[in-house]
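A.B. asks: If you want the building blocks of each chain, they are given just below.
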Amino acid sequence: MSTETDPHPAAERIVPADSLPFWSASGTVFWLEMRQRLRARGWYILLGVWLVVLALIFVLASAFLGASDNEGPVLFDMVVGFVLFFGLLVAPGLSANAVNGDRAAGTLAILQVTLLTPGQLLVGKWMASWAGSLAFLVVSCPFIFWSLALGGVRAGEAFVSLGMLALELGLVAAIGVGVSALANRPLFSIVVTYMLVAMLTMGTLIVFGLTMPLVSERTTVTMSYQVQTGAELLDETTIPDPADFECVTDTYIQDVPRTERTAWLLAANPFVVVADAVPYARDRQGPTSLGGQFEQPGVMEAISQGVRTMQAGPDNDVTCEEIGVAPDLEGQPPIWPLGVALQSLLAGGLLLLGRKKLTTPAARLAPGTRIA
Amino acid sequence: MTCVIGSTYDQRTWGIVVDGVARKFGSVQAIRHIDFVAPPGEVTALIGPNGSGKTTLMLILASLLAPDSGKVRVGGFDPVAETAAVRRSVGWMPDTLGFWESLTTLEVLTTLGALYGMHPDQRLRRSQELLETVNLAEYSGQPARVLSRGQQQRLSLARALIHDPQVLLLDEPASGLDPGSRVELRTLLRNLAAGGKTVVVSSHVLSELDEIADRAVFVSRGESVKSQTIDEAGSQIRRYCVQAEPMSALAEALISHGVRFEERNDSRRTEYQVELAGTAEAAWLLRTLVLADVVVTAFAPAGGALEETYMSLETDRR
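In order, the protein sequence lines correspond to chains A and B.
Start counting the first sequence at 1; every next residue gets the next number (the working numbering).
Start counting the second sequence at 1001; every next residue gets the next number (the working numbering).
Hint data in this document are derived by calculation from the structure and do not stem from the laboratory.
It is possible that some hints are incorrect.
[To be verified] Some chain B residues judged to face chain A by a derived CB distance under 10 Å, without partners named: (1) 1062; (2) 1089; (3) 1138; (4) 1139; (5) 1141; (6) 1178.
[Said to hold, decoys possible] Just so you have them, the derived chain A footprint on chain B, three or more residues with Cβ under 8 Å: (7) 1072-1086; (8) 1099-1106; (9) 1200-1212.
Positions of the beta carbon are idealized from the N, C-alpha and C atoms, including for glycine.
Working from the sequences, and respecting the hints, build out all of it.
C.D. replies: Below you can see the structure in the form of structure tokens.
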């Protein structure tokens, strides 16, 4: 240490700023986090494992589907589904120790005594966790584009899917960062974040299923169905003559779940959000039409169709003319904006609570915690 | 000692004033009542046993904790109401070492500089200067995790100084430092004080504080029990250790001059401890012993001036 009176010459006085511009301060935190992540080995190992697992699934699935002429869309949907599934597993791990991990390492208080505000800190941490998760999406891109190259999927569909995946990772990262600011221990906050993600993915389904009896109503249902009138038995060689069929219409009273009242519960599901946002435009006829070519939809498209069916609610009056015609689901409003709103509400609420908890000078501290 | 500003200083603009502060964590009263003044241009020591509330007080001064009651002014500002103003003027070195391990020492400092809103050129220059100041210039490209504990401690000091703060709060700055670094720390802190900064140092290595501090505030069980300048501490009754060859001659001489002594066997050699009021009496006794042909082999204060106060407070409590 030098023996100079002032280590800094008086000619150039250091005058700290009054406050920090929001984005430059968040950017400093972002790069602080990113530098650490980029220099640690763990993240690269995870990316490598991710790549291998995805490649394995992709190769196995494409071998399995090789013969079908619907390979592109099914593979594409599967890759999107898996990337979302794995992303929901990885994002909490990358985000849910962002704040309390620093507290445990003794580096949080060092940031708190600077001019950095809790909001800037949380936004910087959130962006860094998000960026960390987005790398997994980037690694998945080759498979997404590969299945795109197989045909049957429009490029717009692929880009909307990628965008929605990125958004979902961002929302989960925000939930993780918010929880990590609230919980004292990293292990606890990671578990809580996984629970919240599980609540969104599985909890919404379970609640939707359990509320079905509550929304059931005793209703008069009119059903129409085809009955074959020809007496002779069919074997494989005979093509049924449509004239042999007769339409029968029955009316009876039955408990019908009015799912259109509870379908919004499904909106908060990340899979529903991604699946529902994608504009599917594939040539396909109704799944039961006679003689038509039937193509199994991909997993994400099936989710989207399922949700829209739930939104539409039961059709209690099926006439003979409607048999075999797929219900018109296009008329249903998209449910994903509601889902994004619900998830944003959760993430934003957690971040706001976290911000409150990080505000110093702290008046209250949880028992057993040290601020530094 | 250069401590004349104390009487003329203006609490509106300078230094630290703590008046009747209390802080509790749940049912634990960490600080009951602390009064404390740290004038600019001086090094003020905060002394007390473990768990006496030193670190809690430091956290309150660093604007991380809000006091339950009492008045705090740091550089003339209230840490609760004028947090940003306090943060601009305070450099805090925590007792726990925390580093972003994969960042280089230079990056640690420039990042902190950015968070004080310093210009990129300025923060780079300042960081390099500070690394020179704390003798870490050769480690500027090394990640912080390769540093030894003492080196990390010095980096932590540099970090606290990055924005050239007017008030410096150092929590156990000397722990883990080798003797050479301690001397340098002393010089640095004296220079900062001479430059008009307010420096508060908490420690329980009391012999060291004797050399660094101008004044000391003693804290015990969350209360400030005593406040004194080092000059006052030096003139109080202190214990001296005396050894002679043979010890019997020393005992005779002490008895003949009516000086009460105590035999101590807790160190390697037997020694006598006498209580003397100030340096004048010590000088008189040494002269008397030498003139009485006692072969004095050791004659020294039993501990530092602050240690003496500390021990007397400890015994008062029991």
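A.B. asks: List in ascending order the numbers of the hints, as given earlier, that are violated by the structure.
C.D. replies: 3, 4, 5, 6, 9
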